[in-house]
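Same order as they appear, the protein sequences are chains A and B.
Each residue of the first sequence is one higher than the last, beginning at 11 in my numbering.
Each residue of the second sequence is one higher than the last, beginning at 2 in my numbering.
Source of the hints: derived by calculation from the structure; they are not laboratory data.
Warning: the hint list may mix true and false statements.
Straight line, CA to CA, 20 Å or less: simulated DMTMM-like cross-link-like pairs of lysine to aspartate or glutamate [said to hold, decoys possible]:
(1) Lys77(A) <-> Asp310(B)
(2) Lys72(A) <-> Asp360(B)
(3) Lys57(A) <-> Glu402(B)
(4) Lys77(A) <-> Asp360(B)
(5) Lys77(A) <-> Glu377(B)
(6) Lys72(A) <-> Glu55(A)
(7) Lys61(A) <-> Glu377(B)
(8) Lys101(B) <-> Glu330(B)
(9) Lys307(B) <-> Glu290(B)
(10) Lys61(A) <-> Asp314(B)
(11) Lys72(A) <-> Asp310(B)
(12) Lys400(B) <-> Glu55(A)
(13) Lys61(A) <-> Asp360(B)
(14) Lys77(A) <-> Glu290(B)
(15) Lys72(A) <-> Asp314(B)
Covered stretches of chain B (in silico footprint by chain A; criterion: 3 or more residues with CB under 8 Å from a CB of chain A, positions within the stretch not fixed) [to be verified]:
(16) 347-361
(17) 364-370
Pairwise CB distance ranges, derived in the manner of DEER restraints [claimed, not checked]:
(18) Gly81(A) <-> Ser102(B): 46 to 56 Å
(19) Ala287(B) <-> Gly81(A): 18 to 28 Å
(20) Gly81(A) <-> Arg70(B): 52 to 62 Å
(21) Asp60(A) <-> Lys403(B): 16 to 26 Å
(22) Ala35(B) <-> Lys61(A): 44 to 54 Å
(23) Ile78(A) <-> Arg283(B): 30 to 40 Å
(24) Lys77(A) <-> Arg20(B): 54 to 64 Å
(25) Arg56(A) <-> Glu377(B): 21 to 31 Å
(26) Arg154(B) <-> Ala79(A): 45 to 55 Å
(27) Ala408(B) <-> Lys77(A): 30 to 40 Å
(28) Ser52(A) <-> Lys89(B): 40 to 50 Å
(29) Gln65(A) <-> Ser432(B): 10 to 20 Å
(30) Gly81(A) <-> Asp305(B): 52 to 62 Å
C-beta: ideal position from N, C-alpha, C; glycine also.
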Amino acid sequence: MTRRITRRTAAKLVLSASAALALPNPIAGEPAGKASPKATLSANERKLLDKSVVQLRDAAHKIQRMKIAIGTEPAFVFRARLPKK
Amino acid sequence: MTPDEALDGTVAQVAPLIRSRQLSPVALAEASLARLETTGRSLNAVATLTRERAMEEASTAEQEIASGRYRGPLHGIPYGAKDLLATKGIPTGWGARPLKSQTFEEDATVIRRLREDGAVLVAKLAMIELAGGLGYNTPAASSSGATSNPWDRSRWSCGSSSGSGSSTAAALVGFAIGSETWGSILCPSAFDGVSGLRPTYGLVPRTGAMALSWTMDKIGPMARSVEDCRLVLGAIAGHDPADPSSLMETGGPEGGAAPPTSDARAYRVGVVRPAFGKIYDREVEAAFEEAVRAISGLGPTVSDAKLPDLPFDETAVLIITVEGAAAFEPLITSGRVRELVEPGAKWAGDAARSVSGVDYVRAMQARRLIQQAFAEIFDKYDLLISPTMPILAAPLAEKLEKAFAYADPLGSGGNLAGLPALSVPCGFSKSGLPIGLQVVGRPLDEARILTLGRLYQENTEWHRRRPPRAPAKPA
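Model the full structure from these sequences, guided by the hints.
Structure follows, in structure tokens:
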């Protein structure tokens, strides 16, 4: 679930008030001025959304329970681009 | 051989006839367009017919061949492309109602390469909306409606490359291009009884293709033989500087499709018997065991293989959910997601946002361990085989969460690790539905996969069967 984050909360989270307070306003998962599609869901649709969220959390928990050594490089695919000569 | 009869053949069978001018590319394109217009429409396999472009490309092919400029085995062959590959000036709707009239100014790299090899684009083929990127629970989740299976029209062709599977099986096209993030080439290949190849991640460029999951999307051929898959892969594979994920090293002069030179008798083949439980169709099981015996009889060393206990499916779900929601963010925030057929797409963005950045990176770490696990498996085996799907083609009316309620570790794990895989027909149910055999290999080891697949098809007849023709409608 997205939760609108305040500058103060952001400051607490990143443990650096000055950096967080310097972030542009608003700090949120959605573009400014856009209503969340969630707001227009019916009761049944909200129930189904909640079910999806639970399924994703279960999946995340299963991965959290894995033994992953510190420093394990995530499997992103990325290649540095060298400057053109 | 008439153009209509030729259309039932494979690329490898038809190409010499075109080269020797016994078969006209223009006549072949007309035959293909006629089938697409009738059978294709009735199967819901077509997104857009590309008649004008097809006739222009076919005429060019005919003139070039007449003047001695033969470009190779795809010259003059009609093909269809999944409707997520950009084609200049022709709608590319990604199977989604809100994007139905979307057009691009350039061809996708794969389309351009096929044009350079003289192939003739006859249709953009139906697909599940956004390739299932915001989830789907019914075969009807497409702007084209549900695509029927030509072997039984009350059954689904599978997705998301629905039209590519259905039209290749019904011989409406010489071959088709599909794409896979998790199962979208292999499942239609199994359900529709065609040969389909999911290439190594990064082998085939995605420039001009819809992005669902940047770290998992692959583009590959679907055809009526393994040899045809090899020919098409040879045309579309290879580095593309415009695609940041495109591999520099592609495993050989034909980009992973190098002609098989090694002896398949030296291969070590691991058999992954799925723990599908009750959902494992007994007819699929019987056909698979017969295929194992057949492969064993061809010479390779065959023994049981076991996948480690890792959260394959969960990792794939998290990564695809998050990347899909990011890919389609403009549709989500604009509210146009509500125009999609799948009701769940409305809240897919909110669901995806419940996954934290940490969870996503952890999933990517898990993915690294999954890659390592497969590398260890491939120390012992050269190839893995398994049923492509544990079930027969699902009824069109069935909810997919019910039909597909089983773990798919080789499917999810293979895609997470970027491994190439092939599906070939290995039998039929008593009711006449195709059954697929999956062959998985090391990254960039397409040549070995194709060698085993070709050897299997040289010794079996399953891939030669064609679905029944629909009765002609009265005038």
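Hints versus structure:
no.: 1; hint: Lys77(A) <-> Asp310(B); verdict: 12 Å, holds
no.: 2; hint: Lys72(A) <-> Asp360(B); verdict: 10 Å, holds
no.: 3; hint: Lys57(A) <-> Glu402(B); verdict: 17 Å, holds
no.: 4; hint: Lys77(A) <-> Asp360(B); verdict: 14 Å, holds
no.: 5; hint: Lys77(A) <-> Glu377(B); verdict: 18 Å, holds
no.: 6; hint: Lys72(A) <-> Glu55(A); verdict: 26 Å, violated
no.: 7; hint: Lys61(A) <-> Glu377(B); verdict: 36 Å, violated
no.: 8; hint: Lys101(B) <-> Glu330(B); verdict: 18 Å, holds
no.: 9; hint: Lys307(B) <-> Glu290(B); verdict: 16 Å, holds
no.: 10; hint: Lys61(A) <-> Asp314(B); verdict: 17 Å, holds
no.: 11; hint: Lys72(A) <-> Asp310(B); verdict: 12 Å, holds
no.: 12; hint: Lys400(B) <-> Glu55(A); verdict: 17 Å, holds
no.: 13; hint: Lys61(A) <-> Asp360(B); verdict: 18 Å, holds
no.: 14; hint: Lys77(A) <-> Glu290(B); verdict: 35 Å, violated
no.: 15; hint: Lys72(A) <-> Asp314(B); verdict: 10 Å, holds
no.: 16; hint: 347-361; verdict: holds (count 12)
no.: 17; hint: 364-370; verdict: holds (count 7)
no.: 18; hint: Gly81(A) <-> Ser102(B): 46 to 56 Å; verdict: 49 Å, holds
no.: 19; hint: Ala287(B) <-> Gly81(A): 18 to 28 Å; verdict: 47 Å, violated
no.: 20; hint: Gly81(A) <-> Arg70(B): 52 to 62 Å; verdict: 56 Å, holds
no.: 21; hint: Asp60(A) <-> Lys403(B): 16 to 26 Å; verdict: 20 Å, holds
no.: 22; hint: Ala35(B) <-> Lys61(A): 44 to 54 Å; verdict: 47 Å, holds
no.: 23; hint: Ile78(A) <-> Arg283(B): 30 to 40 Å; verdict: 39 Å, holds
no.: 24; hint: Lys77(A) <-> Arg20(B): 54 to 64 Å; verdict: 58 Å, holds
no.: 25; hint: Arg56(A) <-> Glu377(B): 21 to 31 Å; verdict: 44 Å, violated
no.: 26; hint: Arg154(B) <-> Ala79(A): 45 to 55 Å; verdict: 52 Å, holds
no.: 27; hint: Ala408(B) <-> Lys77(A): 30 to 40 Å; verdict: 21 Å, violated
no.: 28; hint: Ser52(A) <-> Lys89(B): 40 to 50 Å; verdict: 42 Å, holds
no.: 29; hint: Gln65(A) <-> Ser432(B): 10 to 20 Å; verdict: 33 Å, violated
no.: 30; hint: Gly81(A) <-> Asp305(B): 52 to 62 Å; verdict: 34 Å, violated
Consistency with the previously given hints fails for numbers 6, 7, 14, 19, 25, 27, 29 and 30, ordered from lowest to highest.
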